[in-house]
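2 protein chains.
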Amino acid sequence: MAYFAGIDLGGTFIKCGIVDETGTVLVKDKIPTGSTRPYAEIAEDMGKLVLDLIVRAGLDRAQIKAVGIGSPGTIDSQEGVIVYNNNLHWRNVPLGPAVQAIVGLPVFVTNDANAAALGENFAGAAKAYDASILVTLGTGVGGGIVIDRALFEGNRSAGAEIGHTVIRMGGEKCTCGRQGCFEAYASATALIRQTKRAMEKNRDSLLWEVSPTLEAVDGKTAFAAASRGDRIAQKVVERYIDYLAEGLANMANIFRPQAIVLGGGVCAEGEALLAPLRKRMDRLLYGGTDYAPVALIAARLGNDAGLVGAARYAWQKTEPNA
Amino acid sequence: MAYFAGIDLGGTFIKCGIVDETGTVLVKDKIPTGSTRPYAEIAEDMGKLVLDLIVRAGLDRAQIKAVGIGSPGTIDSQEGVIVYNNNLHWRNVPLGPAVQAIVGLPVFVTNDANAAALGENFAGAAKAYDASILVTLGTGVGGGIVIDRALFEGNRSAGAEIGHTVIRMGGEKCTCGRQGCFEAYASATALIRQTKRAMEKNRDSLLWEVSPTLEAVDGKTAFAAASRGDRIAQKVVERYIDYLAEGLANMANIFRPQAIVLGGGVCAEGEALLAPLRKRMDRLLYGGTDYAPVALIAARLGNDAGLVGAARYAWQKTEPNA
Numbered sequence: 001m002a003y004f005a006g007i008d009l010g011g012t013f014i015k016c017g018i019v020d021e022t023g024t025v026l027v028k029d030k031i032p033t034g035s036t037r038p039y040a041e042i043a044e045d046m047g048k049l050v051l052d053l054i055v056r057a058g059l060d061r062a063q064i065k066a067v068g069i070g071s072p073g074t075i076d077s078q079e080g081v082i083v084y085n086n087n088l089h090w091r092n093v094p095l096g097p098a099v100q101a102i103v104g105l106p107v108f109v110t111n112d113a114n115a116a117a118l119g120e121n122f123a124g125a126a127k128a129y130d131a132s133i134l135v136t137l138g139t140g141v142g143g144g145i146v147i148d149r150a151l152f153e154g155n156r157s158a159g160a161e162i163g164h165t166v167i168r169m170g171g172e173k174c175t176c177g178r179q180g181c182f183e184a185y186a187s188a189t190a191l192i193r194q195t196k197r198a199m200e201k202n203r204d205s206l207l208w209e210v211s212p213t214l215e216a217v218d219g220k221t222a223f224a225a226a227s228r229g230d231r232i233a234q235k236v237v238e239r240y241i242d243y244l245a246e247g248l249a250n251m252a253n254i255f256r257p258q259a260i261v262l263g264g265g266v267c268a269e270g271e272a273l274l275a276p277l278r279k280r281m282d283r284l285l286y287g288g289t290d291y292a293p294v295a296l297i298a299a300r301l302g303n304d305a306g307l308v309g310a311a312r313y314a315w316q317k318t319e320p321n322a
Numbered sequence: 001m002a003y004f005a006g007i008d009l010g011g012t013f014i015k016c017g018i019v020d021e022t023g024t025v026l027v028k029d030k031i032p033t034g035s036t037r038p039y040a041e042i043a044e045d046m047g048k049l050v051l052d053l054i055v056r057a058g059l060d061r062a063q064i065k066a067v068g069i070g071s072p073g074t075i076d077s078q079e080g081v082i083v084y085n086n087n088l089h090w091r092n093v094p095l096g097p098a099v100q101a102i103v104g105l106p107v108f109v110t111n112d113a114n115a116a117a118l119g120e121n122f123a124g125a126a127k128a129y130d131a132s133i134l135v136t137l138g139t140g141v142g143g144g145i146v147i148d149r150a151l152f153e154g155n156r157s158a159g160a161e162i163g164h165t166v167i168r169m170g171g172e173k174c175t176c177g178r179q180g181c182f183e184a185y186a187s188a189t190a191l192i193r194q195t196k197r198a199m200e201k202n203r204d205s206l207l208w209e210v211s212p213t214l215e216a217v218d219g220k221t222a223f224a225a226a227s228r229g230d231r232i233a234q235k236v237v238e239r240y241i242d243y244l245a246e247g248l249a250n251m252a253n254i255f256r257p258q259a260i261v262l263g264g265g266v267c268a269e270g271e272a273l274l275a276p277l278r279k280r281m282d283r284l285l286y287g288g289t290d291y292a293p294v295a296l297i298a299a300r301l302g303n304d305a306g307l308v309g310a311a312r313y314a315w316q317k318t319e320p321n322a
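Here the protein sequences come in this chain order: R and H. Under my numbering, the final residue of the first sequence carries the number 322; numbering is consecutive throughout. Under my numbering, the final residue of the second sequence carries the number 322; numbering is consecutive throughout.
For the record, the hints were derived by calculation from the structure and aren't laboratory data. One or more of the hints may lead you astray.
As the list makes no split between identical chains, a pair holds if one copy fits it or if it spans any two.
[Said to hold, decoys possible] Lysine-lysine pairs mimicking DSBU-like chemistry, simulated, CA-CA at most 30 Å apart:
# : residue 1 : residue 2
1 : LYS201    : LYS48
2 : LYS317    : LYS30
3 : LYS28     : LYS65
4 : LYS127    : LYS317
5 : LYS173    : LYS235
6 : LYS173    : LYS279
7 : LYS201    : LYS28
8 : LYS201    : LYS235
9 : LYS317    : LYS173
All values reported here derive from a predicted model rather than from experimental measurement.
So here's chain R without its partners, still in its complex pose:
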């Protein structure tokens, strides 16, 4: 049995785990990122955490084949360089080589959303499928594309920007500069904005009971009021599901994956979200659902998806047919 280390680099925490060939996490831990520090210090902490966890797993460094890192931002995975990372204010940071110098093992870097998609495919919700797409509904809409069990990253790993495809030309302003992106309609941030707007227009809605102030609105507010029968909240939820269905059907018509995995906070709603969404998305699939159906399922690995996927990524980079 070969082992791999997987690291999920976040703005708040560095999560790391030792993962085996079945996708099982033997040990894991997290430490604060300290994101304002120079990158060399962060890389050193990442390397030390890996070495520490190897020991805690009762393993020898020689038993670890490679280290994978999922990092936010645009990644040059060929070179292990973070080309651009907004949150950490990094530009052209050679993170892979820096960590490699400390751990003395091959290090491979990919985008964090890509890593999570690979993790769900390897050991999570999409384990049964060769081709799956992860769509994460959080602050933004992230995701990754798995084809034939491997990540599709696009030229220079700059593709798979699922959230930044326009579903409504001329619509809501997106953080990327475009108008009408999937992210601007289907992220948790977008749902919160949609909920607040409905509240402003409907002072007598039950939404105000669930969330007495606009500031307190979160991604659960509309679902909670809707389940209590509030018509305004139900409309917000229905409309949100419409947006989601259009964006997901776009991905389905292009990639025709066997499964789309939904992740992120909004997915805590479970079947209250998934059941109606499945129905609407299926109606939008080109050629219908008889010939090549697309399963719509909830992510399963939670916070571990990134580190499990990063470990899997490292495995596939060292053994292309793994």
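Assemble chain H onto chain R, guided by the hints.
Quick look at chain H alone, frame taken from chain R:
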């Protein structure tokens, strides 16, 4: 040198050619499809044409490694079956096996737009690129996706439906049943509709000189009047380019190919279309164009793209690393 036969099955003509490993077409010919006939007759004609062309190329059947077919419709390329073809009224037609029985050579079937995309990548406009997307602006918006020099077809070959991704939710009705598809805004059919609408609203536009009747409007009308300085026509062209730019940028942000190849009748406009389109698309690319630019170029193989790509497809199916 190995040789391959490539067939482009159209509603009007069956085009066939013998293609070598460099993508050169040694001989080619076309015969009427006779699309109302039983499929077995069409398959027989296809097979006979292949055998005839082999002789006319001065080759022996043993020198032909395989036959590729690009067919409209949804194709089960694993089985060589046309699952569904609207124009030929075919359902579950085993075209590949039927042609194979006649030519006595391995036969592989893919979608015609996919074949054209592979042809342009193999021997046409995208020859220099490992990853390219063909987008064809005709009656509809078709296209195909090439990754690492091979077609990406999606699960059961049901993907790559580029035209059927919504860019304007709730917008123009599409033939597929959705509203607001890329095809409903960027096809030649859509451009004609947009031109006619502008003419109906502007009786004094130069558009009426270029096309004295609404019935005579075609994909060139707006471009012709625009080049003569008509402001209404220029607005039609600008808006059409906006639609195109949004749809192409969506594909670029997902696939980040090295090149997007534009094909179809509308492309006869050349740089009058491509130069402004390039500018607009580039502004919509995620992360800008410094790190991973996407070239926008015109198709080069014209009517041969399908048969050249079908031949290449057959080659790759017999030799996966070709």
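Hint by hint, here is what the structure shows:
1. LYS201 to LYS48: neither (53 Å within a copy, 70 Å between copies)
2. LYS317 to LYS30: Within one copy, since 24 Å is at most 30 Å while 47 Å is not.
3. LYS28 to LYS65: within (17 Å within a copy, 53 Å between copies)
4. LYS127 to LYS317: Answer is both; intra-copy 19 Å and inter-copy 27 Å each pass.
5. LYS173 to LYS235: both (22 Å within a copy, 23 Å between copies)
6. LYS173 to LYS279: both (28 Å within a copy, 20 Å between copies)
7. LYS201 to LYS28: neither (47 Å within a copy, 67 Å between copies)
8. LYS201 to LYS235: Classified as within: same-chain Cα gap 13 Å, cross-chain 37 Å, threshold 30 Å.
9. LYS317 to LYS173: Neither: 38 Å inside a copy, 45 Å across copies.
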